[in-house]
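K.L.:
Protein sequences appear in the order of chains A and B. Its first residue numbered 12, the first sequence is counted upward by one per residue in our numbering. Its first residue numbered 54, the second sequence is counted upward by one per residue in our numbering.
Derived by calculation from the structure, the hints in this document are not laboratory data. Just to be clear, a hint being listed does not mean it is correct.
[Said to hold, decoys possible] As a list, the in silico BS3-like pairs of lysine-lysine whose alpha-carbon atoms are at most 27 Å apart:
#: 1; chain 1: B; residue 1: 183; chain 2: A; residue 2: 195
#: 2; chain 1: B; residue 1: 68; chain 2: B; residue 2: 56
#: 3; chain 1: A; residue 1: 213; chain 2: B; residue 2: 183
#: 4; chain 1: B; residue 1: 322; chain 2: A; residue 2: 195
#: 5; chain 1: B; residue 1: 118; chain 2: B; residue 2: 56
#: 6; chain 1: B; residue 1: 118; chain 2: A; residue 2: 213
#: 7; chain 1: B; residue 1: 183; chain 2: A; residue 2: 295
#: 8; chain 1: A; residue 1: 106; chain 2: B; residue 2: 68
#: 9; chain 1: A; residue 1: 195; chain 2: B; residue 2: 309
#: 10; chain 1: B; residue 1: 160; chain 2: A; residue 2: 213
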Amino acid sequence: MRKFLNGPWVLLMPTLIILTCVVLLPLLLSLWTSFTPFKLTKPDTLYRFVGFRNYERLIGDLDFWIAFGRTVLFLAIALNLELVFGLGIALLINKITYGQRTLRTLMMFPMMFSPILVGFQWKYIFNDNIGLMNNFLREFGVIQPIPWLVDGILANVSIMAAEIWSSTSVFAILLLAGLLGIPKDPIEAAKVDGCNSWQVFKNITLPFLMPFVFIAMTIRSLDVARAYDIVQMMTGGGPAKRTELLWTLISRTGYVDAKMGMANAMSYISIFLSIAFTFFFFYKLVEARQRLSYE
Amino acid sequence: MAKVSLQGVSKFYGKVQAVKKIDLEIIDKEFLVLVGPSGCGKSSSLRMIAGLEEIDEGVIKIGDKEMNNLEPRERNVSMVFQNYALYPHMTVEENLGFSLKIAGLAKTEIEERVHEAAGILDITEFLQRKPSQLSGGQRQRVAMGRAIVRRPDVFLFDEPLSNLDAKLRNQMRTEIKRLHQKVSTTIVYVTHDQVEAMTLADRIVIMKDGIIEQIGTPLDLFERPATKFVATFIGSPSMNMIKASIIKHNDKLSMKTKDGIIVPVPKDKQNSVSEGQKISFGFRAEDIVPLKFGQKPSSAWEMQSSVNLAEPLGTETLIFTNFGEIEIVSRMFTPEQVKSNDVLDFALNLDRTYLFDENSGLAI
Chain A
12 MRKFLNGPWV LLMPTLIILT CVVLLPLLLS LWTSFTPFKL TKPDTLYRFV GFRNYERLIG
72 DLDFWIAFGR TVLFLAIALN LELVFGLGIA LLINKITYGQ RTLRTLMMFP MMFSPILVGF
132 QWKYIFNDNI GLMNNFLREF GVIQPIPWLV DGILANVSIM AAEIWSSTSV FAILLLAGLL
192 GIPKDPIEAA KVDGCNSWQV FKNITLPFLM PFVFIAMTIR SLDVARAYDI VQMMTGGGPA
252 KRTELLWTLI SRTGYVDAKM GMANAMSYIS IFLSIAFTFF FFYKLVEARQ RLSYE
Chain B
54 MAKVSLQGVS KFYGKVQAVK KIDLEIIDKE FLVLVGPSGC GKSSSLRMIA GLEEIDEGVI
114 KIGDKEMNNL EPRERNVSMV FQNYALYPHM TVEENLGFSL KIAGLAKTEI EERVHEAAGI
174 LDITEFLQRK PSQLSGGQRQ RVAMGRAIVR RPDVFLFDEP LSNLDAKLRN QMRTEIKRLH
234 QKVSTTIVYV THDQVEAMTL ADRIVIMKDG IIEQIGTPLD LFERPATKFV ATFIGSPSMN
294 MIKASIIKHN DKLSMKTKDG IIVPVPKDKQ NSVSEGQKIS FGFRAEDIVP LKFGQKPSSA
354 WEMQSSVNLA EPLGTETLIF TNFGEIEIVS RMFTPEQVKS NDVLDFALNL DRTYLFDENS
414 GLAI
């Protein structure tokens, strides 16, 4: 016992206790509830074990899988567009010699707004009666107002626009950091070796940038996979579940329908989605770094 | 294969003029070394030839073609960089073949040329490795290989040996010289190391503060330095340089130092100086020798001085002693022990003493 108290365990103890309290116990509790028909309104249900019933129901639940699929699609499209726009912005800013710092700061403005406010703002931009977008289009003769947040496809596009607006700068900043860190010599060597600008970019700049791309992808895939606030503000997952993503569905199931057990079962399934994306991008990251012989 | 000519070329960085209207003709197949202290404009000049820096004034031609508005890729030059600038994500083979692939050559042709270059530089066994798996010397060889596979009109070397240790540097220096004999292409080589310049060059260009101080063969520069700067820059140890003014002494023109030491003006310079002129006179370490251990030159001036420090190097010994208040260095080639504080008689060879005007810095 004495030895135990003197060992490294003592030093690790505070961390272990805190981690147990704030991470491990809640995790175990939520895992447990996913095996119960736990309802917030009926505390007794917490102690009724029903096995995999929640999971079995979910497997046959079309609404859940549509939300799941929509989240994956949303993730794929948003990440790729953000990458393209972010890369473009980073490359342009990297070219500027005067006023670069100011622009870098300006570029970060969207990140400074709370996602709730971003949702609000874009909700008004896309409002079919009083929104800026329809007002703007009217100037060009589009008299019939476009139902941005009602139409199934347009509503998803609108949310995507808000998401991209608020987060492209994350990509831009990480990629700009990558661009600034690229050694000059290989690029100059490539120019002398006969490359035009596109060939330099494709053969030298991009391989140097790939680790940064995958770091940005990892961070953003986690962000987007838990997208909630912007969607909740703009459409609340509706109308008629047309913009339902995993977390709007889960929060409604847990809090509105009070089916916490079911909601936790959904969470556990969707966490695998995040883990899968993270794993994939990390794998790619290591590969890209190895190609540059960093490791 | 081509000559390179720079006509009135200038480079500005903001308000600073790094290169000041230099004119330079580089002959076809010549090994030309640009040498000078850092900030003298030698690298800027090289990078303007490569097309990596814009030419702010003047004209650069390779062959008979003006290069000013051409991209680096349109100039058919190869460049070897100080820190190799290899592509870290490609194998040695891909590094070597990259320019050929960009140029759209057939695979078999690329392979053939890469293996030929690898053979010349003795790096065939490393072809499948990544640059990070190579030592400094091997990387430098890959960088050179990458330059030669293209069969360019001109090779540009930007301080290629600065990152190597002393032993490897000597070895690579020999290899570069040998490479030039094998591929016989025009080479422009930038360095701050005068030993490299002396050993490699057909002709040396010495630059300082953006202007060319002197152009000539290594021996030209050593024997007939045009300016005080060239005299002290070329040769190791540096030429001893002492400030003096010309006076009349016993009816002959002499040089009087600040400490009142009077040395006669060498015979052949008697008519080139005038009384009252401010000058510096310089002499190399081997031209002032201890009488005891050396041969007295035919036209000598003698002085007595005590030894501050002696550095025996085997074939030669460097002796640091005082010339008035100024420390000078003497070199003798006899293996004799000299100790600090020994008092020796030194003989200065007046025939090999150089005079420079103090105002213009030009040789007299």
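K.L.:
Tell me the hint numbers this structure goes against, listed in increasing order.
P.N.:
2, 4, 6, 9
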